[in-house]
Amino acid sequence: MSAFERVTRRSLLRGGAVVLGSAMAAPLLSACGGGGNGGGSKELTFWNFYGPNPQADAQSKWFTDLVAAWNANNEVKVKLHYLPVSEYLAGTALQTAFSAGQGPDIFLLSPGDFLRYYNGGVLTDLTPHLKPDQLADFDGGVLGTRKVDGKVYGLPMEQEPLAMYYSVDAFEQAKLSEGDLPKTWDQLLDVAAKLTTKDRFGLLFETIPGYYQNFTWYPFMWMAGGSAVPENGAPGFNAPAIHNALKLWQDAITTKVAPRKPQGDGAGNAPANLGSGFAAMQQSGIWSVSQMEQDKKDFKYGVFPLPVPDGGTYTTDIGGWAFVANAKGANPEAAATFIAWALAATDKDGVERGRQWNTVVKTNLPARKSVQEAAKAAGAFDKPALKVFLDQVVPGGRGEPRYTPEVYKAVSDAIQAAQLGGIAPAQAAADAAAKIDTFLKGYKGAAML
Amino acid sequence: MPRCSDPLPACGARPAAPPVWTRRRREALAGYAFVAPDLIGLLIFVGLPMVLALGVSLFSVDGFGGYTFVGLDNFRQMAADAQLWQSVKVTLTYVVTFVPIGFVVSLGLALLVRDHFPGVGLVRTMFFLPHVISLVVVGVVWQFLLVDKQGAVPALLRPVGLGEVSFLGNPALALGSLVVISIWFLMGYQMLILLGGLKDIPKEYEEAARVDGATAWQRFRHVIWPLLRPTSFFVLVNSTVGAVTGLQAFDLVYVLTKGGPAGSTSTVVFYIYQQAFTFNNYGYAAALTTAVVAFLVVATGLMFGATKGGRFDVG
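Line by line, the protein sequences give chains A and B.
Each step along the first sequence adds one to the number in our numbering, with nothing skipped, and position 74 is 75.
Each step along the second sequence adds one to the number in our numbering, with nothing skipped, and position 286 is 297.
If we strip away everything but chain A, and leave its shape as in the complex, we get (with noise of 0.2 Å):
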């Protein structure tokens, strides 16, 4: 071996030990120093899942415009940093950003994962830059889920309720009529089991593990009575509401009225589902009514609220996307105040904005008292869909409960092991509640609702 190539190799080695070294050390010292500067940047960033998007809709046009109306007026400019829904919910760029110190000045937030970035310290406080009127503006308890200790940790943009859709045609060809719309969950199985051809599922239930999932089995436990956490003085996990809202989904699938997988991306699809033929009845939320609108027009279908146990009490999970402010990022209280304009504004062209994003260029049901009378006024009610949400589907709502990820997997876990892996629900509630016991006994994050 030469000279040359020794030195070479050795500088080499030595070379890449320092570069690694180095490359090693940086994230370990920016940690150290804490996340952004918190000074007051001219430019904050707000990541969404809605635009600038490649399709230019109309939903992204609503967020577009809305930058737009804020920048125009305002020193501090607010620039739009767009992610693919997949990519924003499951993916992993905005946690890794966040992980780097490098998260976004303002983010779109579901209460299913407030916790983890409420404890994580990165949600700013919006109270001081929200007045009293506009608090008493947002509806009954939809803060509640965005709340800690009183104060507000995000704003929502809408409510997305649960319900059941279903198809007319499947039901006039099993010969069935409105009247026969099941109101129990006996009833649910057995309407289903009436719907299901060589072609079709009666009933869709979601089968895929993630967030989405428990969001939408949750109304049941609570209609049973039960909860994921110990509350109100519940049991908590281990306990028969559990048990019986466990079997609902196990009965759906054993019977084989509904599917072990649904078409497309999940059973949060209507178009692809009950548009399709795939299920004739499906649980689905309030956004489908503006998805089947755009993919389904002529599709003929119609809603109705969660059926309900023997002897429970109907309730359903009212969730729906919030705007947050990052507590590290460049310039907090210049995002806050942007939020609280965007979605707070009491002017007219504040209700204006409401009434766009939620009926309009979106089905949800606004927020907001105002919003909500500018939208009926305009009458975005009287659509039959629309109008079964509100005057039948949202009373007895609950908001989307804020579990930290240790629960939601151990819930998760339960609903999988009984729907499809065959597991008595007793045991599979069980093993779920002994995970969440222990790991409430080390918990000193925020309260879970």
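Think of the hints as simulated: they come from the structure by calculation, not from any bench.
Hints may be right or wrong, so weigh each one.
Chain A regions said to be covered by chain B (calculated; three or more residues, Cβ under 8 Å) [unchecked claim]: (1) 99-110; (2) 401-413.
What follows is a list of derived Cβ distance ranges for each label pair [what the hints assert, rightly or not]: (3) A:K43 to B:E38: 51 to 59 Å; (4) A:K370 to B:D84: 48 to 56 Å; (5) B:S71 to A:K152: 22 to 30 Å; (6) A:K301 to B:A90: 51 to 59 Å.
Glycine included, each C-beta is placed from N, C-alpha and C at the ideal position.
Given the coordinates of chain A, work out where chain B should sit on it, guided by the hints.
Okay, now just chain B, sitting in the frame of chain A:
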């Protein structure tokens, strides 16, 4: 006055110093230059993340910039993690089915298209075609094919009474379905590698065996198989590593089943992903990654030792 034998410039007869750029050095430099792009890529995209993962595995990371040194706690946590061992079981099941079946299928295809026949190029292309498609697209396509009741596969199986089978929704079938799809995706690539190995085997050896009266099986067993060992070794190691950490162990799972139904397809890589990006347990995820890499290094070493690296000229 200097003597002309002295090595002084005035004499003009100074022996030449060894040239800096000898042929050997130039060749060495050229060699480094040729491997540099790959080496730099490996260092940046494989070596550096591995070293960083090792570093991060010693910390508890909250996902929001907070690092707390915990030493080997993340590694100790593995022993009591039932879900980890469940995912190890899933991964091993996947490996011991996918690797050998995939190898046999690929070798069969390679033998099928080894010799020239009309349209052989088209047949090879057809077998290789799945490999050029993105795994995400592969997942989406198979999702349509396998969907309950209305998928093309259940529809085809309806006449034999299997139309109600849920390939991706039944825990007993979901992992097997992933194995089949993985083999379909990779068989063309593995076929191509094995075909290269087969083409390197001199025809004379087989001819000699044929003249000696060897049957087709005997020619394969005693001529082709031993000479194909280096290629087979590469294919087996490559597919084992791919089955444990590769894209098909993640992308297909992510697109088709999200680890379900009931955890039946939650591979180790998918579990690591969940730990990092669902639970923010970056430290634990890094420790798991380190353990997987260590396992693969040891497993590859053992395979190498057991097969002498696939060399057929070593006893």
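Consistency of the hints with the structure:
1. For the segment 99-110 of chain A, the proposed coverage by chain B is satisfied: 5 residues have a C-beta within less than 8 Å of a C-beta in that chain, meeting the threshold of three.
2. Beta-carbon proximity to chain B at under 8 Å applies to 3 residues in the segment 401-413 of chain A; the threshold of 3 is reached and the given coverage holds.
3. At roughly 57 Å, the beta-carbon separation of K43 of chain A and E38 of chain B lies within the given 51 to 59 Å, and the hint holds.
4. Range check, K370 of chain A to D84 of chain B: about 51 Å between beta-carbon atoms, so the 48 to 56 Å window is met.
5. Distance hint check for S71 of chain B and K152 of chain A: the Cβ-Cβ separation is about 28 Å, which falls inside the suggested range of 22 to 30 Å.
6. Take K301 of chain A and A90 of chain B: their Cβ atoms lie about 57 Å apart, and the range 51 to 59 Å holds.
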